Amino acid sequence: LAKTTQPISMDSYEGQEVNITCSHNNIATNDYITWYQQFPSQGPRFIIQGYKTKVTNEVASLFIPADRKSSTLSLPRVSLSDTAVYYCLVGDVDAGNMLTFGGGTRLMVKP
Amino acid sequence: DSGVTQTPKHLITATGQRVTLRCSPRSGDLSVYWYQQSLDQGLQFLIQYYNGEERAKGNILERFSAQQFPDLHSELNLSSLELGDSALYFCASSGDRNLYNEQFFGPGTRLTVL
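So the protein sequences, as listed, match chains Z and B. For the first sequence, the numbering used here gives the first residue as 1, with consecutive numbering after it. For the second sequence, the numbering used here gives the first residue as 1, with consecutive numbering after it.
Check each hint, because a few of them may be wrong.
Unchecked claim - Below, simulated DSS-like cross-link-like pairs (lysine-lysine); rule was C-alpha separation at most 27 Å, straight line:
| id | chain 1 | residue 1 | chain 2 | residue 2 |
| --- | --- | --- | --- | --- |
| 1 | B | Lys9 | Z | Lys69 |
| 2 | Z | Lys3 | B | Lys9 |
| 3 | Z | Lys3 | Z | Lys110 |
| 4 | Z | Lys69 | Z | Lys52 |
| 5 | B | Lys57 | B | Lys9 |
| 6 | Z | Lys3 | Z | Lys52 |
Think of the hints as simulated: they come from the structure by calculation, not from any bench. Because the structure is a prediction, the values reported are computed rather than measured.
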């Protein structure tokens, strides 16, 4: 099965830009790439979604190269409250286009 | 608050038993999704229902089953429970049948199998 992989953890400081990359080398052709944020003891929360190139909303940007084999979530000027686990979600072709989460990246923002 | 409710919040049971987890989607949402989150397996998609019909299946075990009722609430039934079924179970909802639309997650049910 194709794997959806993310770095396990990242550290940053307040005010910095954070980029988290997810590798998904065989995603469904017509499906979106979605990122979620999860705080302890809570359900995941939608951050951003895109199909190709770049998408920006009020909290993040998502960069997707033409081959769509990866995507990068960019969080501008992080604060302590951005400390959370971030997941990418794609459709995995090798698993019959089944929804597949990456392993999650634990972001720690330090003062 | 996502608008998705799940009951119970916590559930402790023994191996071999059967439990039912309940989910009420956001008002107006027709799709319900179930996920399992455990330390070793991460977040895994189990199943999606749309307006009462099964729409997509993920890594759902044969011991597990789900349904969505006419009032759109959903139940996940877990039977012949094993220690490895201990996990957080999340329900999510969305407005239509597309698997990739924004999903709104509930607070989860923490299942402990002893």
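Each hint, compared with the structure:
The straight-line distance between the Cα atoms of Lys9(B) and Lys69(Z) is roughly 38 Å, outside the 27 Å bound, and the hint therefore fails. A threshold of 27 Å between alpha carbons decides the hint, and for Lys3(Z) with Lys9(B) the separation of about 31 Å lies outside it, so the pair is violated. For a cut-off of 27 Å, the pair hint linking Lys3(Z) to Lys110(Z) is broken: about 30 Å separates their Cα positions. Of the pairs offered as hints, the one joining Lys69(Z) and Lys52(Z) holds, with about 11 Å between alpha carbons and a cut-off of 27 Å not exceeded.
Of the supplied pair hints, the one linking Lys57(B) and Lys9(B) holds, its CA atoms being roughly 24 Å apart against a limit of 27 Å. Of the supplied pair hints, the one linking Lys3(Z) and Lys52(Z) holds, its CA atoms being roughly 20 Å apart against a limit of 27 Å.
Of the numbered hints stated above, those contradicted by the structure are hints 1, 2, 3, listed in ascending order.
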